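Protein chains: 4
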Amino acid sequence: MTKETRPVVMDAQALKAFLVEVFPQVHEDFGIDEVAPMEITVRLKTAERHLRPGGTVSGPSMFGLADVAVYLGILSMIGPKALTVTTNCSIDFMRKPVASADLIGKCKLLKLGRALAVGDVLLYSEGMDAPVARATLTYSIPPRD
Amino acid sequence: MTKETRPVVMDAQALKAFLVEVFPQVHEDFGIDEVAPMEITVRLKTAERHLRPGGTVSGPSMFGLADVAVYLGILSMIGPKALTVTTNCSIDFMRKPVASADLIGKCKLLKLGRALAVGDVLLYSEGMDAPVARATLTYSIPPRD
Amino acid sequence: MTKETRPVVMDAQALKAFLVEVFPQVHEDFGIDEVAPMEITVRLKTAERHLRPGGTVSGPSMFGLADVAVYLGILSMIGPKALTVTTNCSIDFMRKPVASADLIGKCKLLKLGRALAVGDVLLYSEGMDAPVARATLTYSIPPRD
Amino acid sequence: MTKETRPVVMDAQALKAFLVEVFPQVHEDFGIDEVAPMEITVRLKTAERHLRPGGTVSGPSMFGLADVAVYLGILSMIGPKALTVTTNCSIDFMRKPVASADLIGKCKLLKLGRALAVGDVLLYSEGMDAPVARATLTYSIPPRD
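Line order of the protein sequences matches chains A, B, C and D.
The letter at position 97 of the first sequence is residue 97 when you use the working numbering, and the numbering goes up by one with no holes.
Throughout, the working numbering is defined as the position within the second sequence, counted from one, plus 145.
Throughout, the working numbering is defined as the position within the third sequence, counted from one, plus 290.
Throughout, the working numbering is defined as the position within the fourth sequence, counted from one, plus 435.
Among the hints, erroneous ones may be present.
Label-pair ranges, simulated between beta-carbon atoms [to be verified]:
1. A:VAL20 <-> D:ASP468: 52 to 62 angstroms
2. D:ALA517 <-> B:VAL171: 43 to 53 angstroms
3. A:HIS27 <-> D:ALA536: 21 to 31 angstroms
4. B:LYS190 <-> C:VAL299: 51 to 61 angstroms
5. A:VAL22 <-> D:GLU456: 47 to 57 angstroms
Hint data in this document are derived by calculation from the structure and do not stem from the laboratory.
Small disclaimer: the values here were computed from a predicted structure and weren't measured.
Backbone N, C-alpha and C fix where the C-beta goes; we use that ideal spot for every residue, glycine too.
All chains should be modelled from the sequences, with the hints used to inform the complete structure.
Next up, the structure:
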C-alpha cells in the first residue's frame, strides 16, 4: 500500500472550521476549493490588504497562501495537529500576479512521514494558465501524544 | 577593487523616504537601523497584525522582513530602482520568535551583479542571541534606462 | 499563444550529441528518455561511482541529475546555448534511492523567459511510485548574440 | 547557556578518520582545515574529476563540498552518527570558481536541535575574497539509541 491510498481525515468543511478557530486573524483570507488524498486547492481571496503598487499581489501574501495550503493539506491527512510547524520554504516568483483576481494554490504532498512532510504548491492568478509562483515547504510534525 | 568597496548611495533616511512613497501600505511596519556598504539592518515593529496564536510572529511577517531587508540593501547600493523584483527565496524557520519583541533582520549582500543580486538575512527576536530564521533572496535588477 | 505551445528545437538525439561534445566527463552517466515541449525525462545510469555505503545513491549524484535534466530541458527549447548556467537550486531529499536501479528525473519547465528559466524535477528510483527527491533549479540564459 | 557554548566532541583528526571509514569513495576529495564550536572549514582538493569545460568546478562538486561541510560540522558537535541525513539544500551559484584552486567551504551551524540541524556554508576559490556560492542545508538527526 502506498501513502497515496491513505484517506482524507478532514474535509474542506472541517479544515475551514479549524482555521476559523485556530487562526482567527487570517481565516477570512482563505477559501478551500477542493480536498483529495495528498492534494488540496486553497484560494487567497485577494483584497486591498494583499496588494502592492503596480497592481500586483504582495510577496508575503503569496508566501502565506503557499504556507497555508501545505499546512491544510497535511492536516487533511493527519487531523488537527495545530503544532505542525513550517521548517523550510523555497519559493520562486515567476510572473506578476493579477491584482483583480483571486490567487489559487494547488498543493501536492510529496512526502508525509511521521516527523516531516513535504508539499509542492503552484500558485495561479485565477483564470490564467501559467503559474505566477511555485513553492516547496517542509513541515515538522509533532510526535503523537 | 572588490564590490565591497562600493559606497552606499542611499542612506537610512533616503531609503525610508522611498519606502513611504512607494510602499504606503507597509512602510509603518519597518524601521531601518543601520546601513553600511553591502549590509543593512531592518526592523519589523512587531504589532498585533503580525502575530499568531501561541504568542509568536507569523511566517508571512518573517518572510516580509527578510524580503524588504534585501530589497533595501540592494537599493542602498544602486539607488531607487523600484522595479527590482524578488525571483527566489529560501527560508528556514529555526526557533519561535517572541511576540513581545521587534524582529531584527541583519542582511548581507553576497552578490550585486548587473542583472541579479543575492542577499542573506538572519532574523532575530530583539535581545536574543540565536536567530529565529534565516533566508536567502535573489532579486532581478532591471536593465539601466 | 502560451509558452507551452513553443516547439522542441533539439530532440533527444541532438541533446545527446551536444552532451557528448560539451560535457565529455559526464555524458556517459546520463540517458535521455523522452523530450516534449517544456518537459524532459533524463536517466542517471546508476553505477558504482554514484553510490554510497548502505546501498544508496549519493546526494551529489542526485543533484547532478536534477541539474542536467533542467539544463537539457531548457536547451531542448532554445537550442545549444552552452553558457546557460545554474544560479539557484533547492532540493529536498525525501526517501532513500535504491542503489540497484537507475534514477529517473522527470522535469517540467515552469518558466522560460529571455533571461531566466525555472524547472521542477521529480527524481524516482526506476520502478518505484514515490519520488526519492524533488528539486527546483533556476538558470540564467545568456543574451542573444 | 546558549548552544554556542557546547564543546566540540570530534576534532579534525577524528572527523577525518570517520570519513575514511564511512565514505571510502570520497574521503580523498576533502581536507578539514579547522574545527571550532558550531563552525568548520572543509576543503575540496580540486582535481580533474571535479572540473567542467571552461576551467571551472562542477555544480555537483560544489554541492558535495557544502553537504560534507555541514555533515562534518554536525558530527563535530554530536559525535559519529553516520545516519544523520540531508533533508534539504538550497544553493546559490554566484560566481565562477577557479579550476586551479581548491574550493574552501566555511560552515556555521545555525541550529543544532535534537531532530534537525541547519547549517550555512560559504564556498570560496582559495585566495579569492568573494564567495563563489552559498548553501544552506538541513539534516535530520536520528533519535538517540
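| field | Beta-carbon spacing of VAL22 (chain A) to GLU456 (chain D) - inside the hinted bounds 47 to 57 angstroms or not | value | With Cβ atoms ~48 angstroms apart, the hint holds.
| message | Can you tell me whether the CB distance of HIS27 (chain A) to ALA536 (chain D) sits inside 21 to 31 angstroms? | response | Since HIS27 (chain A) and ALA536 (chain D) have Cβ atoms about 55 angstroms apart, the given range 21 to 31 angstroms is violated.
| Taking the CB of VAL20 (chain A) and the CB of ASP468 (chain D), does the distance hold inside 52 to 62 angstroms? | At roughly 55 angstroms between Cβ atoms, ASP468 (chain D) and VAL20 (chain A) fall inside 52 to 62 angstroms, so the hint holds.
| request: Could you tell me whether the CB distance from ALA517 (chain D) to VAL171 (chain B) stays inside 43 to 53 angstroms? | output: Holds - the Cβ-Cβ distance for ALA517 (chain D) and VAL171 (chain B), about 47 angstroms, lies within 43 to 53 angstroms.
| said: Taking the Cβ atom of LYS190 (chain B) and the Cβ atom of VAL299 (chain C), is their distance within the range 51 to 61 angstroms? | reply: 52 angstroms, holds
When the structure is compared with the earlier hints, a violation turns up for hint 3 alone.
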